[in-house]
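Enquirer: Here are the chains, one letter per residue:
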Amino acid sequence: AQSVTQPDIHITVSEGASLELRCNYSYGATPYLFWYVQSPGQGLQLLLKYFSGDTLVQGIKGFEAEFKRSQSSFNLRKPSVHWSDAAEYFCAVGAAYTGGFKTIFGAGTRLFVKA
Amino acid sequence: ETGVTQSPTHLIKTRGQQVTLRCSSQSGHNTVSWYQQALGQGPQFIFQYYREEENGRGNFPPRFSGLQFPNYSSELNVNALELDDSALYLCASSQDPDNEQFFGPGTRLTVL
Numbered sequence: 006a007q008s009v010t011q012p013d014i015h016i017t018v019s020e021g022a023s024l025e026l027r028c029n030y031s032y033g034a035t036p037y038l039f040w041y042v043q044s045p046g047q048g049l050q051l052l053l054k055y056f057s058g059d060t061l062v063q064g065i066k067g068f069e070a071e072f073k074r075s076q077s078s079f080n081l082r083k084p085s086v087h088w089s090d091a092a093e094y095f096c097a098v099g100a101a102y103t104g105g106f107k108t109i110f111g112a113g114t115r116l117f118v119k120a
Numbered sequence: 165e166t167g168v169t170q171s172p173t174h175l176i177k178t179r180g181q182q183v184t185l186r187c188s189s190q191s192g193h194n195t196v197s198w199y200q201q202a203l204g205q206g207p208q209f210i211f212q213y214y215r216e217e218e219n220g221r222g223n224f225p226p227r228f229s230g231l232q233f234p235n236y237s238s239e240l241n242v243n244a245l246e247l248d249d250s251a252l253y254l255c256a257s258s259q260d261p262d263n264e265q266f267f268g269p270g271t272r273l274t275v276l
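Same order as they appear, the protein sequences are chains A and B. Reading the first sequence from the start, the letters are residues 6 to 120 in this note's numbering. Reading the second sequence from the start, the letters are residues 165 to 276 in this note's numbering.
This is chain A alone, in the form it adopts within the complex:
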């Protein structure tokens, strides 16, 4: 069965500092991988996705993520955080199974940005 682990419940970084949010997944084959961001009271916005090909993926708002098959990881990075990046970040795994297609989300990492 698919599963997604985001080990950090919350992270605090200073504005201008670099950021890395961790994501590990469990799935028998290579899944589709996503990072979403959710601001308070809002729906989810897709930051980036990995389906195949280049393992370093560029997304919106200056985010990137790297797929590492050997570590079953898909960590999200940003070189310089802005105060507006404060939000909840979700890693998600999509995969086909006999009944159809399913997307499983991690529990999320809340990012706090301090001045």
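Among the hints, erroneous ones may be present.
[What the hints assert, rightly or not] Far from chain B by the CB rule (all over 12 Å, computed), these chain A residues:
| hint | residue |
| --- | --- |
| 1 | A6 |
| 2 | S19 |
| 3 | T60 |
| 4 | L61 |
| 5 | Q63 |
| 6 | Q76 |
| 7 | N80 |
| 8 | P84 |
| 9 | H87 |
| 10 | S89 |
| 11 | A91 |
[Claimed, not checked] Covered stretches of chain A (in silico footprint by chain B; criterion: 3 or more residues with CB under 8 Å from a CB of chain B, positions within the stretch not fixed):
| hint | region |
| --- | --- |
| 12 | 20-34 |
| 13 | 100-113 |
Hints are computed from structural coordinates only; laboratory data are not their basis. Predicted model only: the values in this text are computed from it and were never measured. A virtual CB, placed ideally from N, CA and C, is assigned to each residue, including glycine.
Please build the complex by placing chain B on the supplied structure of chain A, with the hints as guidance.
Expert: Positioned in the frame of chain A, the structure of chain B alone reads:
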């Protein structure tokens, strides 16, 4: 291009009642997925509809049911509401089942 819309925005029900939530998919999308997001948690996959047929289901009881219409809009129905059903219900549409999903703003359901 209109994005994914959901109605109502907020809803308050009592235990045992039934509720219907609605979702209009983005233009050109044939797939709708529904998620339940409890406070402080990640979205939990309820089910997905593709071309009016259920195309995957998460670990939710049968009292959670859905429909997709010929225009690819969708409904989520929950019968015999329980207190634990209080959550944000998110709808997402996509061009195909395995494509990227675009989320609506959600419906906040409170069960008293």
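Enquirer: Hints first: check each against the structure and report whether it holds.
Expert: A quick look at each hint next to the structure:
no., hint, verdict
1, A6, "10 Å, violated"
2, S19, "25 Å, holds"
3, T60, "18 Å, holds"
4, L61, "18 Å, holds"
5, Q63, "15 Å, holds"
6, Q76, "21 Å, holds"
7, N80, "17 Å, holds"
8, P84, "24 Å, holds"
9, H87, "22 Å, holds"
10, S89, "19 Å, holds"
11, A91, "16 Å, holds"
12, 20-34, "violated (count 0)"
13, 100-113, "holds (count 12)"
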